[in-house]
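> Chain by chain, the residues run as shown.
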Amino acid sequence: MAESYIQLPADAAGKKVRTIQKTILAQTVQSQMHVRDSRRDILGSYAVVTPEITTTAVTNYRIASIWNSNATKKIVIKRVIVSNRCAAASAVNVLQLRFLTADVTGTDISANIAKKDSTDPASIATVKRTAAQTGTLGGVIAAYAKVTTASGSSELICDYNMANQSVEEDEIILNQNEGLVVTKLLAGDVDDRFTVTFEWGEY
Amino acid sequence: MGGILIVESYIQLPADGAGKKVRTIQKIIAANPVQIEQQVADSLLNFQGAYTICLRIAGSASVGYQFLSFYNAAGSERILKIKGIKLMVDIGSVANQVLVTRTTSLGTGTSETAVKKNSAYSASVASISSVLTVNAALDKDVVGIAKGTTATLRLLDYVNWDAILERDQLVLREGEGIVVQQLSAGATTEFLSITVEWEEYTTS
Numbered sequence: 001m002a003e004s005y006i007q008l009p010a011d012a013a014g015k016k017v018r019t020i021q022k023t024i025l026a027q028t029v030q031s032q033m034h035v036r037d038s039r040r041d042i043l044g045s046y047a048v049v050t051p052e053i054t055t056t057a058v059t060n061y062r063i064a065s066i067w068n069s070n071a072t073k074k075i076v077i078k079r080v081i082v083s084n085r086c087a088a089a090s091a092v093n094v095l096q097l098r099f100l101t102a103d104v105t106g107t108d109i110s111a112n113i114a115k116k117d118s119t120d121p122a123s124i125a126t127v128k129r130t131a132a133q134t135g136t137l138g139g140v141i142a143a144y145a146k147v148t149t150a151s152g153s154s155e156l157i158c159d160y161n162m163a164n165q166s167v168e169e170d171e172i173i174l175n176q177n178e179g180l181v182v183t184k185l186l187a188g189d190v191d192d193r194f195t196v197t198f199e200w201g202e203y
Numbered sequence: 001m002g003g004i005l006i007v008e009s010y011i012q013l014p015a016d017g018a019g020k021k022v023r024t025i026q027k028i029i030a031a032n033p034v035q036i037e038q039q040v041a042d043s044l045l046n047f048q049g050a051y052t053i054c055l056r057i058a059g060s061a062s063v064g065y066q067f068l069s070f071y072n073a074a075g076s077e078r079i080l081k082i083k084g085i086k087l088m089v090d091i092g093s094v095a096n097q098v099l100v101t102r103t104t105s106l107g108t109g110t111s112e113t114a115v116k117k118n119s120a121y122s123a124s125v126a127s128i129s130s131v132l133t134v135n136a137a138l139d140k141d142v143v144g145i146a147k148g149t150t151a152t153l154r155l156l157d158y159v160n161w162d163a164i165l166e167r168d169q170l171v172l173r174e175g176e177g178i179v180v181q182q183l184s185a186g187a188t189t190e191f192l193s194i195t196v197e198w199e200e201y202t203t204s
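Respectively, the protein sequence lines represent chains A and B. The first sequence begins at 1 in the numbering used here and counts up one residue at a time. The second sequence begins at 1 in the numbering used here and counts up one residue at a time.
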């Protein structure tokens, strides 16, 4: 590997491309500046936080979900943060991020959706919580351990951050009538208090 | 079924001209000297400065107590983008939910000063109050985290500066802010360490 350059024709009279100028090995060289664009036409970016969620002791309990019913816009999941505190001694568990193929019937908290930029349009997502075993589960995206069990203890269970993916194809996309849900795999017990944050874009 | 076949190749340009020089790295690949352009990442908006603030703030027995209010006042002529928020508890004793919430005003409390990440940057326009006596006007929550009774615990490293697309970052325009608050009553003996890192840009 060697430092080098390409020498262009002399500047013309048209538009100007922004560069940083440096002198490297006695040569005045230009490094072009660039801004990362999305392969998608992103129309808005959003976040929502659930209240503390108390579940019942059943398997595959749907803790919180995001659903796309829109025919023209898609949702790209950027981040899912799940944490928990044990209101009393609580069993270990496995939390899963899964696709939904039919929406749940839990408590709708879509009114709590925040725009990341106040100039963005209103979100088309439907966000629900505390949905027991309703809806239809699809494939499992990822699984995380809920480790702490002592009364009063808390933990960050997952920070599933897809906003830093260098290749956008790696992100989770929700087309029309598709969703993502945070579930607990095992029945566990009723003493967990889950908090879920979803972040996403729409295009 | 085979995979995608990738073939090393190159584009051969006209011979160098007499104008400016575009910086490259030269490598020898398959016996060919090839040029790889060197680039510098830029921001969508006109960058003015990068700042941080890190405070250790005592808790409160008040429901909805706001530890920190961070605000971009009307007339600042800047747009702020939140790059990271770190939350850590020490001498913790009371279970709670800690929330980062958008606001439409600045809360009243102890005035705090932003730290420049480079002394050459201009002063931050952010208004920052801690230990609030009058709460900021709340909008929607943007981040939430459970807090147990554990004495010392890292609650969350909310890192956003590695977001590939700036659209994924939280934007504070004039008249907008955030607070770090607790959902339920806490304790005056607890401390929450809060770090907020952000960048500022001109609005045009």
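Keep in mind the hints are simulated off the structure, nothing from the lab. Don't take every hint at face value.
[Claimed, not checked] Not close to chain A: a few residues of chain B, all C-beta gaps over 10 angstroms, as computed:
no.	residue
1	S9
2	T24
3	E37
4	Q38
5	S43
6	S62
7	S105
8	A137
[Stated by the list, open to error] The list that follows gives simulated cross-link-like pairs (lysine-lysine, BS3-like), each with its CA atoms no further than 30 angstroms apart:
no.	chain 1	residue 1	chain 2	residue 2
9	B	K27	A	K115
10	A	K15	B	K86
11	B	K140	A	K73
12	B	K116	B	K140
13	B	K83	A	K74
14	B	K86	A	K16
15	B	K86	A	K22
16	B	K86	B	K117
17	B	K86	B	K116
18	B	K116	B	K83
19	A	K22	B	K83
20	A	K15	B	K20
21	A	K115	B	K86
22	A	K16	A	K73
23	A	K115	B	K20
24	A	K74	A	K115
25	B	K83	A	K73
26	B	K140	A	K74
27	B	K83	A	K115
28	B	K83	B	K27
29	B	K86	B	K140
30	B	K140	A	K16
31	B	K140	A	K22
32	B	K21	A	K115
33	B	K20	B	K83
Since we're looking at a predicted model, the values are computed, not measured. Note that beta-carbon positions come from the ideal geometry of N, C-alpha and C, so glycine has one too.
> For each hint, tell me whether it holds in the structure or not.
Cross-check of the supplied hints:
no., hint, verdict
1, S9, "holds, 17 angstroms"
2, T24, "violated, 5 angstroms"
3, E37, "violated, 7 angstroms"
4, Q38, "violated, 5 angstroms"
5, S43, "violated, 7 angstroms"
6, S62, "holds, 18 angstroms"
7, S105, "holds, 14 angstroms"
8, A137, "holds, 14 angstroms"
9, B:K27 to A:K115, "violated, 45 angstroms"
10, A:K15 to B:K86, "violated, 42 angstroms"
11, B:K140 to A:K73, "holds, 23 angstroms"
12, B:K116 to B:K140, "holds, 28 angstroms"
13, B:K83 to A:K74, "holds, 26 angstroms"
14, B:K86 to A:K16, "violated, 40 angstroms"
15, B:K86 to A:K22, "violated, 36 angstroms"
16, B:K86 to B:K117, "holds, 17 angstroms"
17, B:K86 to B:K116, "holds, 17 angstroms"
18, B:K116 to B:K83, "holds, 14 angstroms"
19, A:K22 to B:K83, "holds, 28 angstroms"
20, A:K15 to B:K20, "holds, 15 angstroms"
21, A:K115 to B:K86, "holds, 21 angstroms"
22, A:K16 to A:K73, "violated, 35 angstroms"
23, A:K115 to B:K20, "violated, 44 angstroms"
24, A:K74 to A:K115, "holds, 16 angstroms"
25, B:K83 to A:K73, "holds, 27 angstroms"
26, B:K140 to A:K74, "holds, 23 angstroms"
27, B:K83 to A:K115, "holds, 16 angstroms"
28, B:K83 to B:K27, "violated, 35 angstroms"
29, B:K86 to B:K140, "holds, 19 angstroms"
30, B:K140 to A:K16, "violated, 41 angstroms"
31, B:K140 to A:K22, "violated, 45 angstroms"
32, B:K21 to A:K115, "violated, 43 angstroms"
33, B:K20 to B:K83, "violated, 35 angstroms"
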